[in-house]
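Please build the complex by placing chain B on the supplied structure of chain A, with the hints as guidance.
Top to bottom, those sequences are chains A and B.
Just so we're aligned, residue 1 is where the first sequence starts under my numbering, counting upward by one.
Just so we're aligned, residue 451 is where the second sequence starts under my numbering, counting upward by one.
Treat the hints with care, as some may be off.
[As the list claims (entries may be wrong)] Which chain B residues stay away from chain A? Per the calculated CB distances, all over 10 Å, these:
#: 1; residue: Leu461
#: 2; residue: Phe564
#: 3; residue: Glu660
#: 4; residue: Lys705
[Stated by the list, open to error] DEER-style ranges, computed between Cβ atoms:
#: 5; chain 1: B; residue 1: Lys665; chain 2: A; residue 2: Gly436; range: 56 to 62 Å
#: 6; chain 1: B; residue 1: Tyr725; chain 2: A; residue 2: Lys239; range: 54 to 60 Å
#: 7; chain 1: A; residue 1: Leu247; chain 2: B; residue 2: Gly751; range: 47 to 53 Å
Just so you know, these hints were derived from the structure itself, not from any lab.
Since the model is a prediction, treat every value here as computed from it, not as a measurement.
No residue lacks a Cβ here, since even glycine has one placed at the ideal position from N, Cα and C.
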Amino acid sequence: MKFTLPSIVSGKVIERKNNILKYNTGVGELELSMPEINHDDVAKIKKQSDIHELPTSEIISFYTKVGKLWNKKSYDLRKDALKLTEKVTGYSSAMIEHSYDGISTMLSKEYIKTTLDSEIGNRKFLDEWVRVKDISIHAQPRGKVLHIMAGNAPPLSAVSILRGSLTKNVNTVKTASSDPVTAIYLVKSFRDVDKDHPITKTTSVVYWKHDSSAGDSLIRLSNAICVWGGADAVESIRKKSTYGTELVEFGPRRSMQLIGKEAFRDSKTLKNVTDKAAHDIVLFDQEACHSPQLAFVEGDTKKFCEALAKSLDAEGKRLPKGFVHREKHAAISHERLIAKFYGEKVYESKGTEWTLIITDNIKRIIRHPLGRMLYVFGVKNLKVALQHIDHSIQTVAVYPDERINELRDEITLMGADRVTYIGKMGYFAPGAPHEGFYPLSRLVRWVKSK
Amino acid sequence: MAWACDEMLKLSDPSKLSINEIRKWKLKGFKEAFDFHYQNCPQYTNYCKLHNVKPSDIKEYEDIGKIQPVPSDVFRDSDKLILSVPDKDVVSVLTTSSTTSKKPVKFAMDKVTFDRMLKVNAKSWEAGHELKIGSLFFLGPKPEESDTGLVKGGYLTFKYMGFRNEDIYFGVRDGKVDCEWMFDKIKNAKKPIHMYGPPFVYMAFVDYLEKNGQKLKLDKDSRLITTGGWKTVKGEVTKEEFRVKVSKYIGVDQKNIRDGYGSTDILTMLPECEYHHKHVPPWFHVSVRDPENVNEEVSEGEQGLNVLMSNYIQSYPAFTMPGDIGIAVERNCECGRNGQIVEIKGRAHGAGARGCAIRLEEFMDIVTKGKS
Numbered sequence: 001m002k003f004t005l006p007s008i009v010s011g012k013v014i015e016r017k018n019n020i021l022k023y024n025t026g027v028g029e030l031e032l033s034m035p036e037i038n039h040d041d042v043a044k045i046k047k048q049s050d051i052h053e054l055p056t057s058e059i060i061s062f063y064t065k066v067g068k069l070w071n072k073k074s075y076d077l078r079k080d081a082l083k084l085t086e087k088v089t090g091y092s093s094a095m096i097e098h099s100y101d102g103i104s105t106m107l108s109k110e111y112i113k114t115t116l117d118s119e120i121g122n123r124k125f126l127d128e129w130v131r132v133k134d135i136s137i138h139a140q141p142r143g144k145v146l147h148i149m150a151g152n153a154p155p156l157s158a159v160s161i162l163r164g165s166l167t168k169n170v171n172t173v174k175t176a177s178s179d180p181v182t183a184i185y186l187v188k189s190f191r192d193v194d195k196d197h198p199i200t201k202t203t204s205v206v207y208w209k210h211d212s213s214a215g216d217s218l219i220r221l222s223n224a225i226c227v228w229g230g231a232d233a234v235e236s237i238r239k240k241s242t243y244g245t246e247l248v249e250f251g252p253r254r255s256m257q258l259i260g261k262e263a264f265r266d267s268k269t270l271k272n273v274t275d276k277a278a279h280d281i282v283l284f285d286q287e288a289c290h291s292p293q294l295a296f297v298e299g300d301t302k303k304f305c306e307a308l309a310k311s312l313d314a315e316g317k318r319l320p321k322g323f324v325h326r327e328k329h330a331a332i333s334h335e336r337l338i339a340k341f342y343g344e345k346v347y348e349s350k351g352t353e354w355t356l357i358i359t360d361n362i363k364r365i366i367r368h369p370l371g372r373m374l375y376v377f378g379v380k381n382l383k384v385a386l387q388h389i390d391h392s393i394q395t396v397a398v399y400p401d402e403r404i405n406e407l408r409d410e411i412t413l414m415g416a417d418r419v420t421y422i423g424k425m426g427y428f429a430p431g432a433p434h435e436g437f438y439p440l441s442r443l444v445r446w447v448k449s450k
Numbered sequence: 451m452a453w454a455c456d457e458m459l460k461l462s463d464p465s466k467l468s469i470n471e472i473r474k475w476k477l478k479g480f481k482e483a484f485d486f487h488y489q490n491c492p493q494y495t496n497y498c499k500l501h502n503v504k505p506s507d508i509k510e511y512e513d514i515g516k517i518q519p520v521p522s523d524v525f526r527d528s529d530k531l532i533l534s535v536p537d538k539d540v541v542s543v544l545t546t547s548s549t550t551s552k553k554p555v556k557f558a559m560d561k562v563t564f565d566r567m568l569k570v571n572a573k574s575w576e577a578g579h580e581l582k583i584g585s586l587f588f589l590g591p592k593p594e595e596s597d598t599g600l601v602k603g604g605y606l607t608f609k610y611m612g613f614r615n616e617d618i619y620f621g622v623r624d625g626k627v628d629c630e631w632m633f634d635k636i637k638n639a640k641k642p643i644h645m646y647g648p649p650f651v652y653m654a655f656v657d658y659l660e661k662n663g664q665k666l667k668l669d670k671d672s673r674l675i676t677t678g679g680w681k682t683v684k685g686e687v688t689k690e691e692f693r694v695k696v697s698k699y700i701g702v703d704q705k706n707i708r709d710g711y712g713s714t715d716i717l718t719m720l721p722e723c724e725y726h727h728k729h730v731p732p733w734f735h736v737s738v739r740d741p742e743n744v745n746e747e748v749s750e751g752e753q754g755l756n757v758l759m760s761n762y763i764q765s766y767p768a769f770t771m772p773g774d775i776g777i778a779v780e781r782n783c784e785c786g787r788n789g790q791i792v793e794i795k796g797r798a799h800g801a802g803a804r805g806c807a808i809r810l811e812e813f814m815d816i817v818t819k820g821k822s
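One chain only, chain B, in its complex shape:
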């Protein structure tokens, strides 16, 4: 059965609709999605009942913020996949990266969700990042070596968009960033040349270029897309410092160095425009909750806990809380796109112990390190 999101996907760039039109689409989409998960995911149904939230409560746009969020860690801890569709319908599972003590978070897709994911993300890349077909340097391993949304999800989307296998390069080879190999391949790659990956790999590549006295000059349609955390091997780097350095050595205008808010929770990356604003296309919504009472939203523009919501995912209740602290505002952007813009301010889970108390998670990390 077609959902509102399927209709939205027929529009050339839904982010350029007026705020009122976007609100109407979102309300329709989220009413539909919430009702579906409430009816089809028994754990979610019980959880919503506990919080006294039901589909008929969603009457107006503002009511989207009443939809009960699910902490992403639930998708990590659970031995079984959390699903709103039958097990047999699962066609793919995307994960986040794991650590020694943490299992990966697992998000399952049925065929409908899988197909929509490709269409939605292709739309984000084409409309959001204005990505034209050329060659793509993935600053990560091959998809057969990683099930993460960043690698596998990204790869599937690029393939769907029409990038040819021979024009997709993987810069992490044998577990290491192979800067020399990438530098060599970039020289003869099909234009426009795009790069995609976490900031620390870009920095490793830039360090390589600097050390070897090299500079690249990519063409005006090239996009350098970052996603993932901003910690590098040398510590923290600000986004501004990053753009200056990367622009200098890779030779791309700073406006075309775009950071995406990658979230496997909603199987997407929220794209950044040329003004470096992260837009929320209408098949998503970011509800910012009061950290002290997560059933309440903060006022617009205030920092809080992000709830990432999707109205296209039918395989699991994609109203997740990954633990990011952020801000969301609804406005018309200079780039012509409208609706929600989000800013990420950090991780709530950074609030560890400040003294000698230890959490089991940290202890297991220590034990594992000691044995390795």
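Same shape as in the complex, but just chain A:
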């Protein structure tokens, strides 16, 4: 199978075929041709105008229109993106549809306004000088923002682009080889809203392989860089960016669930809890930083796992696993065998769809293979689990909701950034801090005048 993807440089579609990416789709190899960024592209990005004069209301209106397009499953670009994203990411079409639904939710007027109100406060700060006591304050854009994307969660490019535009920056997205599709199609859809709109004409989506001199130039000329993904990606950008560049880092992190004894009140309650827990595990096949890798259960772990196994089967039908690489199958099988050697209780699907391992050895999670596997620990009190929270933990989901208040102080003091409900680990409330900070605030310069 052969496909071609363009890049987009300052709103213009570029169709050079000088870069071939190869994917194992499980039913043969897919070759994806797409342009490698060059110095001419970088020069165009460098010269392009800014969107500082664009009123915030206009930006909101623009993205709301984009969101309405993506809200329709029949929208041509969404359909095309879905087909190709399924092949390159290995996610099932149901998983991608679910994440594209998330894009349209994020690009709704209500979501955007709540985000601005929470993160910036008074929206006027973005449009004009606002008198605060004796001084005037304005949130000026950083300028050019580069978004280095990870390929694990398709909606993230929409999140990052939106943040860049709301703060009136000019966006360039560097797509990930593991999902170069979604960002390209999303930005292509800007032309369906208004091909002459300043956001359409200034947004770029590009790709480069490691050690590209044009890519390095782009990194150097960016005023802010949002980098998503693994430690290697973050470390590489830290080294290549220049002094004064605002580095906004998202990841890498891991997450956990805390299940209180209240979950065992009756079978209906337990099913309700495990259905939600299963959704958290299944979402993006555990490849996201909000995905739980371990759970602490204040009660009968076997009873919990038996219920969770049923919920995972059911959730797996709604959001099935897509294509799984041989190496991933192997890593999961490997961890299952280790558990069995140690005499730990293993609950497993027939294939490698999901795995639950009951253990009392916290070191067992060290090689977590992801792919819908959860290590389950029994505890007498959820407070015992808090010692296992460190700065690598992003999200802690707690059941019941009422116990969040009891635990949240200690959870966050131990290093976690987010405490939420079971079933909601993959859904960030609009305007909520992300990784311990407000991203919009990091993408503006707060300036003052007398």
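What follows is chain B alone, placed relative to chain A:
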């Protein structure tokens, strides 16, 4: 008590037996070994019971693939050594290299296993690599500085074969590859001169020769043996590119540049013949399992998870799964050796997170790097 492997060791080159004869030896050897570990390693017994596998299930050659594999990481994570012999019988422990977040894998030997290891490996080097006594350049540190199978296991074997202490050189000195020192020593070393070590150290030596406008010319009996990963400081190098470059600068025919499948799991290195095929001598077996269901073997020639099995090791259940992806075929090789030939295709553990999810192992690496 003598095992089938002890009888096999009396043969001059068991790899040159017919495939049928090899199968008979293997069946006898693995029935014996599996039964021993099933009876003597309680953890393994329980584990086999969980999988409904028992020694009486091994009736035919194909049944060797039913022997329950143990992931190598078990030998890493366990605080106590995993043993099929009493603790007091342990005479030596070989390890694999460790990283900041990973403990080394530990394989213990009793006296019987230790002695067999020396004999088996000497046979592999002599029959497999046609290694003649001369001098040996170890591209690693001295054995007192490393317990790894590559260094310590290799050194013990060479000594057993008859290499004299004064003819064994260690190219990694004070933690660094000392190319200048090696180049100087090679000039006057006893012939034939052999080298042994990981590809990246060879590449460092070749880079040194290239940079200094030097080329060596070793004699026709010299063997350059590689073992270990193929990642170098400059990235990946293919085996073909490696052989061309090394042959050019060290002056050894490409057919004598041999890669071994070194595996501390089974205390050996599977030797490569002059046709660059990695042979599995009859005291070993490679069972290639379906990654999705590791209790099943894949069809011959298909890629899967390697289970490395030994029928000479009695100190621990040496039916291990190190996480290598490979292929095994059974055939007669052009070199005259018969039986299984394996090809290594990569590591299963390379399947890390593709996005912002992090495993604790990676996090600990980051934390450790930050503090160092």
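Hint-by-hint comparison with the structure:
no., hint, verdict
1, Leu461, "holds (34 Å)"
2, Phe564, "holds (25 Å)"
3, Glu660, "holds (22 Å)"
4, Lys705, "holds (32 Å)"
5, B/Lys665 / A/Gly436: 56 to 62 Å, "holds (58 Å)"
6, B/Tyr725 / A/Lys239: 54 to 60 Å, "violated (44 Å)"
7, A/Leu247 / B/Gly751: 47 to 53 Å, "holds (49 Å)"
In summary, the structure is inconsistent with hint 6 from the numbered list given earlier, while agreeing with all the others.
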